[in-house]
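Q: Each chain, written out:
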Amino acid sequence: MLELSDVHTFYGNIEALKGISITVEEGEIVTLIGSNGAGKSTTLRSISGLTPPREGSISFEGNEIGDTPPQEIVALGISQSPEGRKCFQRMTVRENLELGSYLRRDSKVGEDLRRVFDLFPRLEEREGQKAGTMSGGEQQMLAIGRALMASPRLLLLDEPSMGIAPILVERIYETIAEINRQGTTILLVEQNANFALAVSHRGYVLETGHVALSDEASALRDNPDVQKAYLGA
Amino acid sequence: MLPAAVALTALVIFPVFRDPLDSFLGDSILALAFVVMALGLNIVVGFAGLLDLGYVAFYAFGALATGWWASDFFTGVNGERGIHIGASEFASSLPGVHLNFLLILVGAVIITAIAGAIIGLPTLRLRGDYIAIVTLAFGEIIGRIAQNGDELTLIGDYKFSNGRQSISPIDQINLPLIGEFDQATNLRPYFWMGLALVLVVLFVNFRLRDSRMGRAWIALREDEVAAASMGVPLVKTKLMAYAVGAGFGGISGAFLGAFLNSVNANQFQFGFSIFILAMVILGGLGSIWGVVIGAVLLSFVNTRFLTQLDQGIGNDVLNALGLDFTFNEVKFGVFGFILVLVMVLRPEGLLPERRRKLELTEGVGTGGESVYEARA
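Chains as they are written, first to last, in numbering that gives the first Met the number 0: chain A, 0 to 232; chain B, 0 to 375.
The set of hints was computed from the structure by calculation and includes no laboratory data.
Please read these numbers as outputs of a predicted model, since none were measured by experiment.
Hints may be right or wrong, so weigh each one.
Sample of chain B residues facing chain A (criterion: CB under 8 angstroms; computed from the structure) [said to hold, decoys possible]:
1. Ala225
2. Ser228
3. Val231
4. Arg354
A few chain A residues that face chain B, going by a derived Cβ cut-off under 8 angstroms, partial list only [unchecked claim]:
5. Pro51
6. Val73
7. Gly76
8. Lys85
9. Phe87
10. Gln88
11. Tyr101
12. Ser150
13. Arg152
Built from N, CA and C at the ideal position, the CB exists for glycine as well.
So here's chain A without its partners, still in its complex pose (with noise of 0.2 angstroms):
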């Protein structure tokens, strides 16, 4: 569905990825580990289209998007949830999910609004609150229903964990398995790999914008180097 080869992006000067070759098949919700500045990040910007690459390519269900502006990309069926949640602060919840359907024109926006509030109940009771008043964790969920309005086929997802209380990471990452069950196929970014793996049927290991070690979840979570390194064992 999505395969990534030999990609190289930069800010300014400097080489954040250094050739990534990555791949996601539908269905599939993978994640990528690595410490900070691995390039876990500037792999989703590079697929959202907001760091765009410099050198390799990018494809989309057969589409090359790595010179795709954001808008288009978004239009494609790929949506992110960018790191930092940055949800819109000064603006209610609703007018948060109605910003994540902005390209769309069709008449099944109400079906997906209905989704995102059964996926996540706490948005419907907050539905009128600024989500600036809202904590960590419930704009965690907003920027994922706020990507999921897009009606995406492919999710991305930047550190869904961050900042948040253990017990609402759990709940958040049963949901991301439940958007998965729905249909749509995930790759996720995670510092704090032991959730994400638990979900995951795949993983990679990036380490200073290389792939250092791609595996099947549960062989990564079993992996020794990747449990001491990662996963805090």
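Once you've looked at the hints, dock chain B against the given chain A.
A: Chain B in isolation, oriented as in the chain A frame:
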């Protein structure tokens, strides 16, 4: 609805109770023009969060449109017989281009919207203060070009402007069905015309704010990365904000050109941009009614209050302090002082926008740093 209707009726019949050449009526007309101007800047700065310090450029283009197309500026055109479309009987006898004011408005909007998009282009990759610097430079460039426009010939022998010499006289506004205004005998029609422009621009402002585009502007202001992730096309959305905001500046500039009966480069100073920006900030960034109030207040401070202060006790106070100037001479200092007062006492503006009030009173911001980074 009822209070609005009463207020509107009061405004409409207000000129009838004033002398046709009343100076207060004249100052009110200026205030109306500034309301249009401030509402335009509010779209760029208030809605989309792009700090624009070069707004005077659009005043310049609007006013120049009137200068070009409603005077004998292009004397030689059409073998000195002139071009006349919908001009009054008197203007039709003059050389130069003489178009109906409504056509000039359309032309001014087109010119300024294009200029707005052009000023927007180099700022697309910039954020915050850097946008302000580029727009500031753009305003200055246009001002300089207008100043030296008497040496600048574009097509044939036609100049760009008259520089510091005025393009004057300008045709009186001549509306279909209503007829020609006459500034020398009656200011009332100018008041009604200004009021009509304000109403149209207000309507467009409210519609825009509640439109998809308006929501995209606000999303952009709140968080550019998130907006892009949601599929908001950044380039188009920003350029639209610049173009629409500039278009309103053009409308107001064209109207001011006709009302002041003169277009010259001395009008296009940097201070003008700040004057309009001060109205927006005083009223409340992003708040439509707030900006209206801010524009009216500052406009009257400029035209009446300072003069009255100088004629009244102000002079005595300054003399007693041994200061040898009048308030009018330091009016930009006074505006600055007013802004400082607003920032200290009521940082959200007189009539704050709902969203912004939240940020300032309840500590809700976009993750701390980016609120101010994005805007100021």
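Q: Hint by hint, say whether it matches the structure.
A: Consistency of the hints with the structure:
1. Ala225: 4 angstroms, holds
2. Ser228: 5 angstroms, holds
3. Val231: With a closest approach of 6 angstroms, the Val231(B) hint holds.
4. Arg354: 4 angstroms, holds
5. Pro51: 12 angstroms, violated
6. Val73: 3 angstroms, holds
7. Gly76: With a closest approach of 11 angstroms, the Gly76(A) hint is violated.
8. Lys85: 4 angstroms, holds
9. Phe87: Phe87(A) check passes; min Cβ-Cβ to chain B is 4 angstroms, inside 8 angstroms.
10. Gln88: 5 angstroms, holds
11. Tyr101: With Cβ-Cβ at 5 angstroms, under 8 angstroms, it holds.
12. Ser150: Violated: closest Cβ of chain B sits about 11 angstroms from Ser150(A), beyond 8 angstroms.
13. Arg152: At about 14 angstroms, which exceeds the 8 angstroms cut-off, the nearest Cβ of chain B leaves the hint on Arg152(A) violated.
Violated hints for the displayed structure, listed by number in ascending order: 5, 7, 12, 13.
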